[in-house]
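Trainee: Here's the letter readout for the chains.
2 protein chains.
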Amino acid sequence: MNLVATPASLSTASSTFDAEFKARLHWSADTDAGIEQRVADILADVQQRGDAAVLDYTARFDGLSASAVAELELTQAELKAAFEGLPDVQRHALESAAQRVRSYHEAQKKASGESWSYHDEDGTLLGQKVTPLDRVGIYVPGGKAAYPSSVLMNAIPAHVAGVGEIIMVVPTPKGEKNMLVLAAAYVAGVTRAFTIGGAQAVAALAYGTATVPKVDKITGPGNAYVASAKKRVFGVVGIDMIAGPSEILVLADGSTPPDWVAMDLFSQAEHDELAQSILLCPDAAYIDQVQASINRLLPDMPRREIIAKSLTDRGALILTRHMEEACDIANRIAPEHLEVSSRDPHRWEPLLKHAGAIFLGAFTSESLGDYCAGPNHVLPTSGTARFSSPLGVYDFQKRSSLIEVSEAGAQTLGQIASVLAHGEGLQAHARAAEMRLK
Amino acid sequence: MNLVATPASLSTASSTFDAEFKARLHWSADTDAGIEQRVADILADVQQRGDAAVLDYTARFDGLSASAVAELELTQAELKAAFEGLPDVQRHALESAAQRVRSYHEAQKKASGESWSYHDEDGTLLGQKVTPLDRVGIYVPGGKAAYPSSVLMNAIPAHVAGVGEIIMVVPTPKGEKNMLVLAAAYVAGVTRAFTIGGAQAVAALAYGTATVPKVDKITGPGNAYVASAKKRVFGVVGIDMIAGPSEILVLADGSTPPDWVAMDLFSQAEHDELAQSILLCPDAAYIDQVQASINRLLPDMPRREIIAKSLTDRGALILTRHMEEACDIANRIAPEHLEVSSRDPHRWEPLLKHAGAIFLGAFTSESLGDYCAGPNHVLPTSGTARFSSPLGVYDFQKRSSLIEVSEAGAQTLGQIASVLAHGEGLQAHARAAEMRLK
Chain G
36 MNLVATPASL STASSTFDAE FKARLHWSAD TDAGIEQRVA DILADVQQRG
86 DAAVLDYTAR FDGLSASAVA ELELTQAELK AAFEGLPDVQ RHALESAAQR
136 VRSYHEAQKK ASGESWSYHD EDGTLLGQKV TPLDRVGIYV PGGKAAYPSS
186 VLMNAIPAHV AGVGEIIMVV PTPKGEKNML VLAAAYVAGV TRAFTIGGAQ
236 AVAALAYGTA TVPKVDKITG PGNAYVASAK KRVFGVVGID MIAGPSEILV
286 LADGSTPPDW VAMDLFSQAE HDELAQSILL CPDAAYIDQV QASINRLLPD
336 MPRREIIAKS LTDRGALILT RHMEEACDIA NRIAPEHLEV SSRDPHRWEP
386 LLKHAGAIFL GAFTSESLGD YCAGPNHVLP TSGTARFSSP LGVYDFQKRS
436 SLIEVSEAGA QTLGQIASVL AHGEGLQAHA RAAEMRLK
Chain B
36 MNLVATPASL STASSTFDAE FKARLHWSAD TDAGIEQRVA DILADVQQRG
86 DAAVLDYTAR FDGLSASAVA ELELTQAELK AAFEGLPDVQ RHALESAAQR
136 VRSYHEAQKK ASGESWSYHD EDGTLLGQKV TPLDRVGIYV PGGKAAYPSS
186 VLMNAIPAHV AGVGEIIMVV PTPKGEKNML VLAAAYVAGV TRAFTIGGAQ
236 AVAALAYGTA TVPKVDKITG PGNAYVASAK KRVFGVVGID MIAGPSEILV
286 LADGSTPPDW VAMDLFSQAE HDELAQSILL CPDAAYIDQV QASINRLLPD
336 MPRREIIAKS LTDRGALILT RHMEEACDIA NRIAPEHLEV SSRDPHRWEP
386 LLKHAGAIFL GAFTSESLGD YCAGPNHVLP TSGTARFSSP LGVYDFQKRS
436 SLIEVSEAGA QTLGQIASVL AHGEGLQAHA RAAEMRLK
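Line order of the protein sequences matches chains G and B. Here this note's numbering is used: the first residue of the first sequence is 36, the next is one more, and so on. Here this note's numbering is used: the first residue of the second sequence is 36, the next is one more, and so on.
Chain G extracted, bound-state conformation (with noise of 0.2 angstroms):
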C-alpha cells in the first residue's frame, strides 16, 4: 500500500508564511441556506405537533418506527443492563473515569461556583447566590461518532453543578444501541433517555412534547443539522458553544520522544477527515524525526486513510524560530488541545493566552485528557477559546445578584440613584429612590 501522510511544512521565516498558514487554517463555520431552512421547518413542526413530528422525523431520518415516542424511552433498567453487561475491564475504565471526572468537577464548583456576598460600610448586602439548572438535555451523538466519554463530560458536570434532572437524547439509527453509551448514561446519573436524534430532539428538548420533558438547557456535539437546530433555540434555551472540527496543536522542544507526537497527531487526525493536527518546533531536525515517525507508524493504525487524509489536506509541521515565536502562533491558532511537549513546560506556559485545554509534559497526551484526566473534554473549537471556555460546572449553574440596601444605604445611593435616572429623563426611577430618603 501506498497511503502517505504529508502535513504542510511551513517556516516562520518563510516570506509566504502568512499567507500559507492563514490558508492552512481557514475553516468556515457557516451552515448551507438548505441547511438552516429544513431545520427551521422541522423546529417549527415540532413545536406545533410534538410527538407526532417526533416520530415521523425518527422513522425517516433514522429508520426507526415506533407508534409511540414513550417506546424511544430507555428505561433505567436497560442502562443499568448495558452496564452490568460490559466486560469487567470495561466497566472499570468507565467507573474509574467517572470518577475522575466527577472529583475534577467538584473541585471547580468549589473554586468557582459557590456563593457568595459582603456587607459594604452602610450594611448593605451584596452578592450572588449561585443555584443549579432545573432540567437539562444532553444531545449524544449516535452512528459512528457514538461517544461514551462524551455522556460521561457532560452529565458528571450537570450532576455536580447539583442539576434536578438530567435528560439524554441518542439517536439510535435502524435501532441500533451502543452498550458503552448506555452504561455510561448509567454510570453518569442521567435522569431520562430517548433514542431520537437530529434537529428533532433538540426542538422535542426546547419546546417539550407531550412526552419528552423541555428542558432550561441543551449541550452536546452534533452534526450540521443538530448544530444549525441548537443556533436557532438560543434564547428559548441555553447551549453551549456550536462545535467545529477538533484540533491539537504540539509546541515541541524536541526533546519528547518523536514517535510521541507523531501518534499525538494521529489521534486528532482519526477524528475526522476536517480535524486539524499542527505542529510548532524551533528544531528543523526534530520535525524531520517526526515525519519519520509519520512514515512509519500510519500503515499499522487502523484508521489510517483518515487520518492519511486529515494530515494531509488540514496537517501542518511549522518550524518556528524559536518557542517564544511558537507560543505567540499558538495564541493566534487559539487552539481547542494545546500540548506543551517540552522539557520545560513551566517555562512556556504563562505565555499562552488562549486555548482550551493545556497539556503540559511529554507525559500529557491529550487521550489522557480525552477520557479520563478529569478536565472536561467538551472544549471550544475553531479558534473560539478566544472567548469561550471548557464545558464546567459553571454551564449548569446560574447566578442571581442579591441585593439588600440597608436604610443608611438607601440615602447615600438614592442621591445618586436620583441624579443619574433624571439624566437618563427616567423620572420614576428618580421618585422610587426619592421615597427611601429621610
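You can trust all of the hints, since none of them are fake.
Same chains, same label: a pair holds when it works inside one copy or across any pair of copies.
Pairs of lysine-lysine residues, derived as DSS-like cross-links and limited to a Cα-Cα distance of at most 25 angstroms, are as follows:
(1) 115 - 209
(2) 145 - 388
(3) 57 - 344
(4) 388 - 164
(5) 145 - 164
(6) 266 - 249
(7) 57 - 249
(8) 388 - 249
FYI, nobody ran anything at the bench for these hints, they're computed from the structure.
Let chain G serve as the given structure and place chain B on it in line with the hints.
Mentor: For chain B alone, kept in the frame of chain G given last:
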C-alpha cells in the same frame, strides 16, 4: 385628563388563573423574517466592503454622513471634555456609581474568577487558568433609550476582568451626541469609541474593518436589528444574552408603604410599553391600596402614557393564597428583577430559585440597583434567568484547563484511556496512551 393604569387583577384561587397568567406572561422573542433577511444582507455587505458599507448604512439609517469611518471615532479628548463639561452633581454621581460598580465586580472576580489548581495523589497537576479576553465590543443604544448607566455596567466588568481593549459603538442619529454617555465612557475606561450603530456596527465589531478593530465578544442591548445581528455573529465572536423587554416582579407581604411599591412598578413600566410589572401578594386589602397609589401617583409622572399602557396591557396584581405560593409563582416567571418587599425577606429568599437580581427588603428599590448599588443591571429577561446570569466579570474571562500528568499518573490513566479508546474504536488515542506506559 383621563389616563388610567389598570393592571390585570388575578387571583390564584380562580379556576381560570393558569390560563390568564400564561396569557399575560406571553412574549415572543421571534424576530420577523423581514428583519432577519435585511440583517443578513447588512452583515454580508460589511464583511465584504468593510468601512465603505459602514459609511453607507450610517448615512442611510442614522442620517449621519462622513467620508471615512475615522471621522466617526470619538477621541479620548472628546470623552474627557464631555465628562468635565457636566454639572458637578452629575459628575459626582457618575463617579460614585462607577466606584461602587467597580468594587462589586472586584469582589465577584475574587469569588469566582481566579485561576486554581491542585495535585492528585499521583502528583498529576489539574486546574484551570482564567484569563481576560483580549478585546471586546460594547453596544450602547442611541436616541431615546441612551443610558449612560449601561455604559458603566458593560465596560466596568470588562475592565475589572482585565480586558485589553474595550471598543464602544453608539449610534448618534443626525450626529446628536449624548454627553452623559460620552462622559460615562470616559469614567468607565472605554479604549476607543465610534458613533455607529445598528446591524452595521455589530458586523464591524465581529468581522473588523480597516478602521474598526475586530473584537472577541460583543455585549450590550439594542433594538431588533441589533439583537438579530448579534445572534447571527454568535460563534464568530461571543455574545451576551439577547435581551427582551424589561420586567419587575414585586413579592409583597403588605409591610412596605404602598406608594413605594406603586413607584417601583412604575419605574419598570416607564421603560417601554412592552415592559412588564407584576405584584404578587397574599393580602387583598394591600393590593387595593397599591392600586389606589397607582391611581393617585400616575398623573404626576412625566412618562405617564407609557406607564399606563405598559401596566394596562402587560401588568398584573396577583392575589396569592400565601407567600410560599407567591415564591412558587416567582420561580415560574423567573423574572429579571425580583423585589422581596417584606419585613422578613430572608425567610423567602431561600425559596427563590430563578431571578436575574433579587432585591431584599423595603429599602431596596430596583432603581438603586439599576444605577449604583454595585451589581450589574444587565440581567436575563423573559424567563431566561432559568438558565442564565447577570452580566459579570466572568463574561469577559475565559478558562483553559491545565493538565500535567506525572510519570506515575500516566501509568494509571494510560490503562483506563486505552480501554475506553479501544471501546470507541479510536486506536491512535489508545496507542498514544500506551506509549507512555513503562
